[in-house]
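Peer 1: Spelled out, the chains give:
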Amino acid sequence: MKMLINVPETVVADALRGMAAAHPELTVDVENRVVVRADAPVAGKVGLVSGGGSGHEPLHAGFVGPGMLSAACAGEVFTSPVPDQMVRAATAVDSGAGVLFVVKNYTGDVLNFEMAAELAEDDGVQVAQVVVDDDVAVSDSTFTAGRRGTGATLFVEKIAGAAADEGAPLERVAAVARQVNGASRSFGVALSAVTTPAKGSPTFDLPAGELELGIGIHGEPGRERRPMMTSREIADFAVSAVLEDLRPAGPVIALVNGMGATPLLELYGFNAEVRRVLSERGVRVARSLVGNYVTSLDMAGCSVTLCQADEELLRLWDAPVETAALRWGR
Amino acid sequence: MKMLINVPETVVADALRGMAAAHPELTVDVENRVVVRADAPVAGKVGLVSGGGSGHEPLHAGFVGPGMLSAACAGEVFTSPVPDQMVRAATAVDSGAGVLFVVKNYTGDVLNFEMAAELAEDDGVQVAQVVVDDDVAVSDSTFTAGRRGTGATLFVEKIAGAAADEGAPLERVAAVARQVNGASRSFGVALSAVTTPAKGSPTFDLPAGELELGIGIHGEPGRERRPMMTSREIADFAVSAVLEDLRPAGPVIALVNGMGATPLLELYGFNAEVRRVLSERGVRVARSLVGNYVTSLDMAGCSVTLCQADEELLRLWDAPVETAALRWGR
Amino acid sequence: MLDADFFRRWLVAAAASVEREADRLTELDSAIGDADHGSNLRRGFTAVTAVLDEDAPATPGAVLTLAGRQLISTVGGASGPLYGTLLRRTGKALGEEAEVTRERFAEAFAAGVAAVGQLGGAGAGDKTMLDALLPATEVLAASFDDAAEAARAGAEATVPLQARKGRASYLGERSIGHQDPGATSAALLVEALARTARNGGAA
Amino acid sequence: MLDADFFRRWLVAAAASVEREADRLTELDSAIGDADHGSNLRRGFTAVTAVLDEDAPATPGAVLTLAGRQLISTVGGASGPLYGTLLRRTGKALGEEAEVTRERFAEAFAAGVAAVGQLGGAGAGDKTMLDALLPATEVLAASFDDAAEAARAGAEATVPLQARKGRASYLGERSIGHQDPGATSAALLVEALARTARNGGAA
Ligand SMILES: Nc1ncnc2c1ncn2[C@@H]1O[C@H](COP(=O)(O)OP(=O)(O)O)[C@@H](O)[C@H]1O
Ligand SMILES: Nc1ncnc2c1ncn2[C@@H]1O[C@H](COP(=O)(O)OP(=O)(O)O)[C@@H](O)[C@H]1O
Ligand SMILES: [Mg+2]
Ligand SMILES: [Mg+2]
Ligand SMILES: [Mg+2]
Ligand SMILES: [Mg+2]
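Going down the list, the protein sequences come from chains P, X, Z and F. Residue numbers for the first sequence, in the working numbering: 12 to 341. Residue numbers for the second sequence, in the working numbering: 12 to 341. Residue numbers for the third sequence, in the working numbering: 3 to 205. Residue numbers for the fourth sequence, in the working numbering: 3 to 205.
Just chain P, with the same shape it has in the complex (with noise of 0.2 Å):
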């Protein structure tokens, strides 16, 4: 498999480098991988951290900003970062306010955000968590580590990142995360394995004419795998999973995402099959989001996010927002 990069070993830290050249308005700590606002702490408001293995660019640090995140740590690829640079951010960002992680809900990012909680509490800064859990293909249960945290997370850190940006207190700013993600589910599709640069071949093997279904973003295998659908069968199945778990009463924002490899004609194409799924079965959706945020390197592939959302959620939705990667409002 051929790569744009030097060598597996320094591909995190070379993309930090052109992150930090791209983007005067982050301050970028390559050596730590922690990528924060310019201007941050930003006095009497709450700090909003997140961080996870890399490979899902621009999640998180490119969503860094006002608005938004106040910074991110960022892991081997597909690793969760460790303690000590969640602290480090947390340090960075905490203005007196408070800090609160954006967790996605894998074993290693729990047991790291887990300990670096502890440990910033330590240092006195106050730490809120919340674990994004959204992946419908993962059932809930004691025999599996809990549903995985994928698209929600754009959901969650837009959201709560608002809320913080209002001055909200870290209670408050937790709630309304936790509120996004409860509301959220969402569900994943691949056509084609991932190649992580360490293995340098991809993570299984995904014959031509066959498709993945209920995958996750780190390259695992899905929950299912089928003769290859059409976009519109496979918008019915995905959306049917998520609605399955989630029946919206009222709006829904829709995120339609890419999983790196798949062309925006084809996400283009894919969401007017998505949003027909959503008119058959009498769901509004309020305000709608296109293109490759939560990704999986090299994967070809998209899921399909909801959340189902009510006035307040709508309005800190629409608030400005102000990162590389998603930027509106004025």
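Since the hints were derived computationally from the structure, they do not count as laboratory data. Quick reminder that beta carbons are idealized off the backbone N, C-alpha and C, glycines included. Hints are all accurate, no fakes.
Residues on chain F that point at chain P, a partial pick, calculated with CB under 8 Å: (1) Gly35; (2) Asp36; (3) Ile74; (4) Gly122; (5) Lys167; (6) Arg169; (7) Ser171; (8) Tyr172.
Listed next, the stretches of chain X that the computed footprint assigns to chain Z, with coverage defined by at least 3 CB atoms under 8 Å from CB atoms of chain Z: (9) 84-94; (10) 117-124; (11) 149-156.
Mind docking chains X, Z and F with the ligands on chain P? Use the hints.
Peer 2: What follows is chains X, Z and F with the ligands alone, placed relative to chain P:
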């Protein structure tokens, strides 16, 4: 090759339906494949119309909005749109101040826009044209169709769009567009070939361990095939190729563009190498953009575009823009 | 004499050839272009037969002009305006006559081919559709069959050429060794003409 | 008796095993995880040997605590905190003694393993590193060699299990038929311990 589509025949129409659903701020004529700012025509302002084959998303429809394009015409995949579309777009956006066609230099695009210009003038629309030809991989001689239009298209659309937004007259908008094109050069590299929906298999064979240097955005093979190179070597080669043709006296705007399937993680790493070469060569980067903007479906690879920018061009570059794919300023 | 119906049948026959050979044309375009020539022409000629079905113009000139306009409106790419211009200019040159002789048609066709040269700026040997069209023009008045043969030979003769126009020119020397897709489709067009004449069309 | 140097040598031996087996660990993790277990542990143990090289703590407890903290600070993922906790808790349980008996160590190690269970919430049969660690703990006081054998067997016995913890649990039944990467690396650790003892370490 697996694709997230229904049938090859409807990919463009499907994508436009999906765009319409995602972007209420755009008027999407799916049947005629024209995407127009919902508030067009804007009184007293020059209209900017572009378009080209599909498969390069977000170019062009993703750049329709305040501060950039007034309308975009979507052709079939890798096929220039037809004059009827361009005339329709021109008529829709003309406020009486005239319309600038931004045309990428490909025989098909040039001929179709040329015919459209004649027809639109017949309909009473004043039309000027700028042909973008920035790709130094093609020698600009009588033995070729001339340099291709690639990454600089984004620069031309953004900067001329800002001039139009300020109320500059048609001649001035066209002059700015020509200045930007004249000051811009690009070079692209492919790590994989592209697969079009209609053909369903890669346009050329690119063995593991080799790359194509000097590729275009339509799956054409490049100028030269070589054994795989590192990110560092590719940056040296691509930036050198650009600087051989463009010897910037002052600062540049630098676009590090992904061809579609290259992960953002790799692209940012490549940006670090591009910046290294530029600083070694004494070229100052005043503004920087990294991302998938002028793509080639599922091709892995990247391109570098530099635009020598004076104070005025930088001011127009920084001016507010509010499109699906490019947004900033307030 | 050749009447409107003859030209309609020619275009229907050309559409059938394009349909049959579309994958091959795309394959050729994939080697030195962007892999769409077959689907481009298929889209265009399908539209041409549709419009001729709906609306049967009474004169040869009107048939060709309508078909040309339809190609321009539906094909896009380089070949759309070029083939569109070929048919439109040929049609215009035929004027309003209800029937035309083979010689008259050959003359008009030559005007159409010249217009293609002017529009695209290409000449003989540039590895384009002109390399099939120009040789055909020279013998068209004498024999449609010879013209078909000349076009086919002209298309094949593009293999060793280095492209100087169109997308293939980007490849420089790497364009050598491949047959030009546009020259190949041009030969199909002229062959369809000869076939139509053989099938009892031409008087 | 086991002194600080014994534990240092154990960790160096473990690092060598990890280095040698890294690709295999990643391969196993690729089947039911995310293809990084080998590189995760390689990064961590490289850092451990580096820090032990720089700074040679005087007691067994200090060696293990330092190594554990280093794993936590450099590995990330699930295995970083888990292996880090294993070594740190074992180290803490050993207190400040300059030398410890095998029995004393076995007891401390059991505390470390229990801490892993508590941190990750997994138990025997969940198809995790615990399936190698728990059987090893039971016989560690008696024989390091037996412990190594028990860990190896425990790791192999994860093949038919369905994962209930960690990333592999996402696969449900599809996790059956693959050996757990963490159990495999845990066996390497215990084997390195036995090897270190055999190579003249343990008194
Ligand atoms: N300037 C030109 N003059 C004449 N024919 C040309 C010219 N440029 C391209 N062509 C013809 O057009 C063909 C390609 O058509 P097509 O693939 O449909 O368009 P595009 O190149 O826009 O994809 C070429 O094979 C060539 O024969
Ligand atoms: N909850 C848990 N308890 C104990 N061990 C676990 C748990 N979750 C995962 N593991 C172990 O960690 C191993 C995976 O480690 P690694 O690949 O380095 O981390 P990650 O899963 O974050 O990529 C698994 O094979 C398993 O043995
Ligand atoms: Mg991992
Ligand atoms: Mg084309
Ligand atoms: Mg073509
Ligand atoms: Mg792993």
